[in-house]
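Engineer: Turn these sequences into a full structure, and let the hints guide you.
These protein sequence lines are chains B and S, in that order.
Numbering-wise (the numbering used here), the first sequence opens with residue 1 and increments by one.
Numbering-wise (the numbering used here), the second sequence opens with residue 1001 and increments by one.
It is possible that some hints are incorrect.
[What the hints assert, rightly or not] If you only want the chain B side, here are some residues facing chain S, beta carbon under 10 Å, derived: (1) P48; (2) T214; (3) A355.
[To be verified] Examples of chain S residues toward chain B, derived with CB under 10 Å: (4) S1250; (5) D1256; (6) V1260.
[As the list claims (entries may be wrong)] Okay, the calculated bits of chain B under chain S, using three or more residues with CB under 8 Å as the criterion: (7) 53-67; (8) 79-90; (9) 120-126; (10) 172-181.
These are calculated hints, taken from the structure and not from any lab test.
Built from N, CA and C at the ideal position, the CB exists for glycine as well.
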Amino acid sequence: MRRRTVLLAAVAAALGVALPTALAGSTSDPGVTPTTIVLGGTSPLTGPAAAYASVARGAKAYFDSVNAKGGVAKRKIDYRVVDDAYNPAQTVQDVRRLVEQDKVFAIFNTLGTESNLAIRDYLNQSKVPQVFAASGATTWGRDAAKYPWTIGFQPSYAAEGWVYGQYVAKTQKKARIGVLFQNDDYGKDLLGGLKSGLGRSGSKIVAAQPYEVTSSDVGSQIAKLKASKANMLAIFATPQFAIQAYVFANRLGWHPLVINNGVSGTSNIMQLASEGGKNRVVEGTITSTILKDPTDPRWAKDPGMKQYRAILAKYAKGANVNDVYHVYGMAVGYETVSLLKRLGANPTRAGLMKAARSITDPGNPFLLPGISVRTGPGDGFPVQQGQLQRWTKGHWVPVGGLWQSKRN
Amino acid sequence: MKPRTQRMIGFFAFAVLVVFVAVLPSFVSDFKAREYSYVGIYLVALLGLNILTGYTGQISLGHGAFMAIGGYTTAILMAGNEQFGGSVSGGVKDLWTLPVAGLVAGLVGLAFGLPALRLSGLYLALATFAVAVAMPSTVKRFEHFTGGGTGIQLFGTDQLTGSTSNVHVLGRSFTPNDWMYYLAWSIALVLFAVAWLILRGRTGRAFRAVRDSETAAVSSGVSLARYKTLAFGISAAYAGVAGGLFAIASAFVNPDTFPVALSIYLLVGIVVGGLGGLAGLVFGAIFIAFLPLWAQGQDLGSLLPNRIVEETQKPGGPAIVYGVVLILLMFVLPNGVGGLFRKIGQLVSGRRYSRSE
Chain B
1 MRRRTVLLAA
11 VAAALGVALP
21 TALAGSTSDP
31 GVTPTTIVLG
41 GTSPLTGPAA
51 AYASVARGAK
61 AYFDSVNAKG
71 GVAKRKIDYR
81 VVDDAYNPAQ
91 TVQDVRRLVE
101 QDKVFAIFNT
111 LGTESNLAIR
121 DYLNQSKVPQ
131 VFAASGATTW
141 GRDAAKYPWT
151 IGFQPSYAAE
161 GWVYGQYVAK
171 TQKKARIGVL
181 FQNDDYGKDL
191 LGGLKSGLGR
201 SGSKIVAAQP
211 YEVTSSDVGS
221 QIAKLKASKA
231 NMLAIFATPQ
241 FAIQAYVFAN
251 RLGWHPLVIN
261 NGVSGTSNIM
271 QLASEGGKNR
281 VVEGTITSTI
291 LKDPTDPRWA
301 KDPGMKQYRA
311 ILAKYAKGAN
321 VNDVYHVYGM
331 AVGYETVSLL
341 KRLGANPTRA
351 GLMKAARSIT
361 DPGNPFLLPG
371 ISVRTGPGDG
381 FPVQQGQLQR
391 WTKGHWVPVG
401 GLWQSKRN
Chain S
1001 MKPRTQRMIG
1011 FFAFAVLVVF
1021 VAVLPSFVSD
1031 FKAREYSYVG
1041 IYLVALLGLN
1051 ILTGYTGQIS
1061 LGHGAFMAIG
1071 GYTTAILMAG
1081 NEQFGGSVSG
1091 GVKDLWTLPV
1101 AGLVAGLVGL
1111 AFGLPALRLS
1121 GLYLALATFA
1131 VAVAMPSTVK
1141 RFEHFTGGGT
1151 GIQLFGTDQL
1161 TGSTSNVHVL
1171 GRSFTPNDWM
1181 YYLAWSIALV
1191 LFAVAWLILR
1201 GRTGRAFRAV
1211 RDSETAAVSS
1221 GVSLARYKTL
1231 AFGISAAYAG
1241 VAGGLFAIAS
1251 AFVNPDTFPV
1261 ALSIYLLVGI
1271 VVGGLGGLAG
1281 LVFGAIFIAF
1291 LPLWAQGQDL
1301 GSLLPNRIVE
1311 ETQKPGGPAI
1321 VYGVVLILLM
1331 FVLPNGVGGL
1341 FRKIGQLVSG
1351 RRYSRSE
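Structural biologist: Below is the structure:
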């Protein structure tokens, strides 16, 4: 009886608890104090897309390492991540909470196309920066004039799909491609890009099978693609489904040449898909990336990757160092710190966006050498390059030089 | 004498709730009012689900789908679907879409009630679960009508009251957040009273008879077909209104805003609130609105040690906390918060009984 009363009292008390809000100085924008600068973001920590949580973890580890060295302009970066379970309605609630209650300076690295779409109007109306949205939808860069407070980071999915199409058009005479794609903007943008990249070449898409992000497996889709007599398979799917695609194709005795999108084209995912070397479908897979791969021996002595390993070991204890999503998180963390440094002693939200619209970064230690981060008037896409690579005997081997996309 | 006292206590508790709800925004920050509006929204959905599951004994694992129907009705009526190639021009003010949302979801609920007559127990649960699972794909299938995976944006539309500026009602000015709060809670309290009125009379008795023993109910002249479909219809209409409010509060709908997990959370909500009672549902609504946040250390950050908060923010952390809290709560309150209320009531009246003897 007493415990129950205590429990009830605790619930009632918690209902009334309001976090002491981070008070801003009189001249600065919200989220800035003499000692801290508060950034907020959402990420799935639970639910079907929880694997992406590593992105936020990598970014947080990077900020912690910067804070340990004194922060930016003597301010420590306080990066608050709220779980949205990959549900846009939850993202809206979380972001309103971060803006209105936690009074963050900017919304940073929010993950997911639909989640970012759901909050874009609100943030632009409230004049809160939506920086480095973690999604490859084309709209972030294309609609910069309409949504000046929003900016993405990675190359668009449409550009990535286009590059695969160009590659197939150049290297194959009459490829018959079967496409597995996620039934949302992400999958459709890649599919559309692939189509336009193939152009009028002899290769064509013979079948395209959608799946839902909530479905449990893609076995029937792979069976249908095999039945379409395709000799190439394009996997425009998130890691869990990409692995299944490889496994099911192998079980059906289907050995197409595979294109796997960058989201799932990481070596740790490929190693899982190879089923300890038993699954030969993975061999020869083509993917595109912008990041240095932690498992790639080429980067064993690379200063950027040494820094990556050191930071992860110290500030994200227990994190899997081979998980390339951490590298992505650090790359955007690095770019954000560069922006904040340019703001000087009195950062403002408008100043942050001005800086984000005029990035000239020739190299980011966590991105592949040669990939520059640039924005400017009429160019709302920070990263527009990438590297095609082929999975050969358990490693990614680069194919050709960096690709550059003028089309997004 | 005793039922009358009980009813008096009920009225008094409801009046206290009304007053509490009315004055709460004056004591909390503007933003908190917005978060509490979600409690009101979930309360509406839980009231509906409890009429079906708690009072009539029909388990539904698909109420998130009925919320989706209401949410999409509201969103399409407000923003229209011409931008995706549909034929609805929209332009209906948010408030007036809510009755339609309830009606549409209610009709679908009635229709679903008919096949549900042939199913019972676990089989019904599975059938309703299938509806929840199929909902996102169905929404995407009819892209021209629903906008597909991209969803419908409501923020900044003229139809959304107070998306950007204060709302003036009866000479008073409300901030957008306070407006959302009062909108959600006015509807929730009215529908609370309506649920009580439905359940206290003949219909409520028939519902309970169906729940306790279908055979006995039939032999007493209660039509199973009529009352089961009615319960489904009313229950779905409540979920529809809740879904409409949810769409207005989020100012955005897409298939992922009504995931399968939502249906399960609603069931958790009525179990925590107490099956077959109304008052406890307020706590069920608080539980589903806030536990996902509390489970990752939000709001409680200053009360808990830093180390624990950090653990909860690791991948998968919030889900573990959620599960543990749920198990503990069911252990302490096996009949939910409503069960606790009843127990207190029994203790009090029991003592009085022994004294008068």
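Engineer: The structure should be examined with respect to each hint, and the outcome stated for every one.
Structural biologist: Evaluation of the provided hints:
no. : hint    : verdict
1   : P48     : 9 Å, holds
2   : T214    : 6 Å, holds
3   : A355    : 26 Å, violated
4   : S1250   : 4 Å, holds
5   : D1256   : 5 Å, holds
6   : V1260   : 6 Å, holds
7   : 53-67   : holds (count 3)
8   : 79-90   : holds (count 9)
9   : 120-126 : holds (count 3)
10  : 172-181 : violated (count 0)
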